[in-house]
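J.: Those sequence lines, one after another, are chains A and B.
Residue 815 in the UniProt record's numbering is what sits at position 815 of the first sequence, and the numbering runs on without skipping anything.
Residue 62 in the UniProt record's numbering is what sits at position 62 of the second sequence, and the numbering runs on without skipping anything.
No lab work stands behind these hints: they were computed from the structure.
We treat Cβ as the ideally placed atom computed from N, Cα and C, and that holds for glycine.
A portion of the hints provided could be inaccurate.
To be verified - Here are some, though not all, of the chain B residues that point toward chain A, as calculated from beta-carbon distances under 7 Å:
hint : residue
1    : Gln-22
2    : Gly-23
3    : Ser-24
4    : Glu-26
5    : Thr-27
6    : Asp-28
7    : Phe-39
8    : Arg-103
9    : Pro-104
10   : Val-105
11   : Val-106
Unchecked claim - Here are the simulated DMTMM-like pairs of lysine to aspartate or glutamate, each with C-alpha atoms no more than 20 Å apart in a straight line:
hint : chain 1 : residue 1 : chain 2 : residue 2
12   : A       : Lys-999   : B       : Glu-20
13   : B       : Lys-29    : A       : Glu-922
14   : A       : Lys-984   : B       : Asp-5
15   : A       : Lys-355   : A       : Asp-565
16   : A       : Lys-984   : B       : Glu-26
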Amino acid sequence: MDSQNGSNLRQALLTSSLGAMIRGPAADPADTAAGSGAQGALNLLGSRAAPTPHDLLAVAQAQTFPLALDDDQDTLTLLPNALSDSDLEADDDAEDDSYLASEFLNAQAMDAHPEHAEYPEKTSQFSIFADACVVMADGDEEEGGGGGGEPRLVARDAAAQAYEHRLDAEQQGREVANIIKRREVAAAAEHEGLLARHKLAVVTPQERFAAYKAAMARPAAAEEEDSVAVQAPKRQKVDEGGMAARPAAPERPRDTRLAARFAGRYALPPETGEYVAARTAAGTTLFFPLRAPPEPSASASLPSALGRMSMAQANRVVGEIEQEIATRESLLDHAHDSLAKLTLQPADTRLWAEKYRARAYVDLVSSERTNRAVMEWLNAWDACVFRRGAGADTQDRWKRPLRRILLLSGPPGLGKTTLAHVAARQKGYDVVEINASDERTAAKVRDRVLGVTQTQGVAMRGRPQLLVIDEIDGASGAVSAQGDFVSMLVKLATATSDAGEGEGQGQAKDGRPKGRKKPQAQLLRPIICICNNVYAPVLRPLRQIAQCYHVQGPTAARLAQRLQDVCALEQLPCDPWVLADLARSTECDVRASLNALQLMANRPAPAAGATAAAAAAAAASALGTAGVGGKDVQRSLFALWAQIFTRADAPGQPRQQTAAEYARALVAAVRVSGEHERLLQGCWENYLLMDFRDLTHTRVSDLCTQWLCFADLMDAAGRRNPQQAHGLHSYLEYPLLAVHLTCSSPLGLARGAFVYPAADYAAHQARTARVALAQSLLAGCAHVRMRSSLTASTVCSEFADLFLQVLSPAVSTANRHLLRGRELEQAERLVDVMAAWGLRLVQAKDAEGQYVYRVEPPVDRLAGFVGRKSARRVMPLRYAVRQMLAQEMERRRVRSAADRGEDQAGVGGMKDGNAAEAAKREYLGRLFADPLAAVGCPSGELPDAGAAFVTKDFFGRPVVKKQQSKTSPATSAQTMQKQQQQPKAWFHFFEGFSNAVRKPTRMSELL
Amino acid sequence: MSQIDIQYRKSEQREFCLIETQGSLETDKPGGLRGQQRFAAIERQPDGKVIMKIGVHRVVGSVVPLKKPLAVMVKEGQAEDSSSDLTYKIQAIIKEKFIFKLRPVVDLQQEILKLPTV
């Protein structure tokens, strides 16, 4: 009772303050905006007083956020290139500062404008907040003296990470460069050996080939060594030489490079031993020392071969060698490239989510209940597939279970696919998977499904096959010749049962052992379908016939345990609390947590001296800041409402969560949901039912007058100008945050009073109906001028109430002969008005079966306010009076129709009352026949043409009509008369159809 | 019990015909198509066809005998006070009707039709 009173009081307060708001924003005290500055806004959360938009606007003005109120149109306009939220957070950016400065100048210019001087408070009010949002979320930390805001820390962290990445990349590049260098040295040595061999045995091509092969084989070995070296890269100091060497190398042409290399070694003739001189293409002379031959046979023939070799031959040999060196070099380069690619890849490319996928039933982390249910369903297939045990469905010939398709649903990453695979393997099936990436037209899938579910698995160790259709809700509803994919599945699963029974009877009669030749396809193997959203429209038919299970994710503790196991296997030091946090932040999404963990593991390890706690803190901050594992999951509206109305320190909330964190999470969740309007409606309709503490009601009234009006303003501005809607969208989250700050309680929605918002839709429906009603009322109005001066909205706001009073005179008796004096006048007037507005009284039966007269169109609903129904009676209510009115109206209608008929006949024209009418009609007739004559002479005499009116041409000369010059006025008058006497008549042929309606014709028209 | 006197005099009989058309007869005259206005010529052909000519168009129709003949009567005398002197005079008996259900065609003159086509 007490709370009821309280909520009434709140309502009253609210209405009064809303009334103040409606009267205009200019009436709102401007001192709120002026008095509270940026400092006030900073204290928003700390003082426990709900922040107002004004505070934030004041902050915004300090920052000159580019949003302004257009004074002429009362609209919010977003100045060009308005900042997005991310820009807001990175406010320390120099570019943004300069941008803000320019915007500030703009705003100053606008303020200096004389028109704006009239509404200074408005401008200040609506040049919207910039950091206010951040301030609001960060309020606690700022207040607690935590130093710089977290966004800055984030930015700094990100920058540091990016720098580190760059360093890594550079280092890898340098390592590759080192490898190349080493390889080049090796190649040079090779060349040397090759050269020597060539010098020794130029004459035999076989030996050349062998030498070449050997030369090719050796760098391959060297490559292997190198790749081993590269795969275990060590962090080493960057030497300037390495960096310098690499870019310098490709600049030089190849032959000069070679020449330079050889020039160093072979430029001078060796001091000892024999040598061969050779000239390169560049003209350098080289001296190659002769060495002992590797093979004895070659060495035997060496002196003679050398002796025979002339200078020209040697030159040719050197040319060939150079050519070979060139090919070798290109091959080596190619090898380096591929090696470089290899070295950039990590050692184990598998995702952990794949690597640690559950292999056995006991490894499954999804909820035990679901696992068991799936196994039970598979057990029911045993009788059909493995011919053991009794089937669940005794009616079925194949002893299949009643529901032959299993539909697993649930959010992504909970292990639905894993569950299906593991359970199937556990039962001894071979799993065949159809994924979203496969072709999924109905015909193809049908072949595939039948192939799997009908044939005995021959290829795969003789095990029966089970079909897993993953992501079935992604199946397109495209209808092919055989219908869409899902309905094909349904047909396969259901139609077989009927056919099976029919077949069973037929079999009994014919004595045929098996119905193998029948055309009807049979589903003889289980099918497991997996989807995220079981209520996808595509799945509707399947949902009815399939066994549906919603896969529950593991509990956070269990997932954390599993993550810890994985960490142990990967030798990754990890704090259990961090893992629990990770599990919670991914909402027990196994795949996402594992991916996040792997990402963390791949990051550079902390310094060796760091303690485990520091490492855990770093990991936690990495998790929190980089958004790793944070999930863009759309939550249900009710969950969001619960979040809005639950205090951050409520018992059920996760520990160690500050109000600011909670608020930030709330804003993010609202942003993801995108349902600002619906959410706000829900808050608006339910906030009074919530159990929050506001003894003076000031916070609630502030919320409504400030924040909700602000939200309305934003919403309206967005609607009016859809291009701006996107820019304004991000502000719609903060009114919801304000609702949270004002109305949240530890209980949340636990009282159960929360109802889904329906008032807005109901109001919309009612409004549509009323507008249609007003329009139909207007359409029935015979008075053109009246009709044109009214619109549907003016009918509702100004006209309807008075009009209904006019329609409701006090008529006491139902006998029209007894009506006297004023009552008679009123009744007649009522009938007149109703006729003029096209209102009718229609007899109908009401809900109790009583006859009533309804007003058509039902104008009485135009003023059907709650609570006013009894006070205002529209039209005389008594049945008899209404009947009398209806009869009177009908009589009048008949009379007017008869009048019209007489008018058309032209007989009644001379009757007493209608003389003027007849004269008018006659005049109009003449006007149509000859406008000039009629206008010039209303009395009916035919003057000489041109006497009254002389048509003149452009130069003012009178226009002489040609036919009048030919014929005399008398004859023209005669022809006119004749034309009047003989109007045209024609036969209109209705082609193509016979409407077969006999039109009643009065005999008087024929006689 | 009131009696209604219906008079039939052969000498006063006029000729009426009932026309059924696939289409409508229309006019731009304000009062509508009424009275004995002459706007069409209807000819009976010896082969049982009828031809209605309006302007340069012509519709061919057929004559169909009515299953029940119709009588055209005119009420005479004032019926307000008493019904004693109320009489109906039969003006015509209609026994057949003309049905025009074909599409009108342009009634070209014969010499135009005889022109050689190029």
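J.: Take the hints in turn and mark each one as holding or not.
T.: Going through the hints against the structure:
{"no.": "1", "hint": "Gln-22", "result": "holds, 6 Å"}
{"no.": "2", "hint": "Gly-23", "result": "holds, 4 Å"}
{"no.": "3", "hint": "Ser-24", "result": "holds, 5 Å"}
{"no.": "4", "hint": "Glu-26", "result": "holds, 5 Å"}
{"no.": "5", "hint": "Thr-27", "result": "holds, 4 Å"}
{"no.": "6", "hint": "Asp-28", "result": "holds, 5 Å"}
{"no.": "7", "hint": "Phe-39", "result": "holds, 4 Å"}
{"no.": "8", "hint": "Arg-103", "result": "holds, 6 Å"}
{"no.": "9", "hint": "Pro-104", "result": "holds, 5 Å"}
{"no.": "10", "hint": "Val-105", "result": "violated, 10 Å"}
{"no.": "11", "hint": "Val-106", "result": "violated, 13 Å"}
{"no.": "12", "hint": "A:Lys-999 <-> B:Glu-20", "result": "holds, 10 Å"}
{"no.": "13", "hint": "B:Lys-29 <-> A:Glu-922", "result": "holds, 14 Å"}
{"no.": "14", "hint": "A:Lys-984 <-> B:Asp-5", "result": "violated, 40 Å"}
{"no.": "15", "hint": "A:Lys-355 <-> A:Asp-565", "result": "holds, 13 Å"}
{"no.": "16", "hint": "A:Lys-984 <-> B:Glu-26", "result": "holds, 9 Å"}
Hint compliance for this structure: hints 10, 11, 14 are broken, all remaining hints hold.
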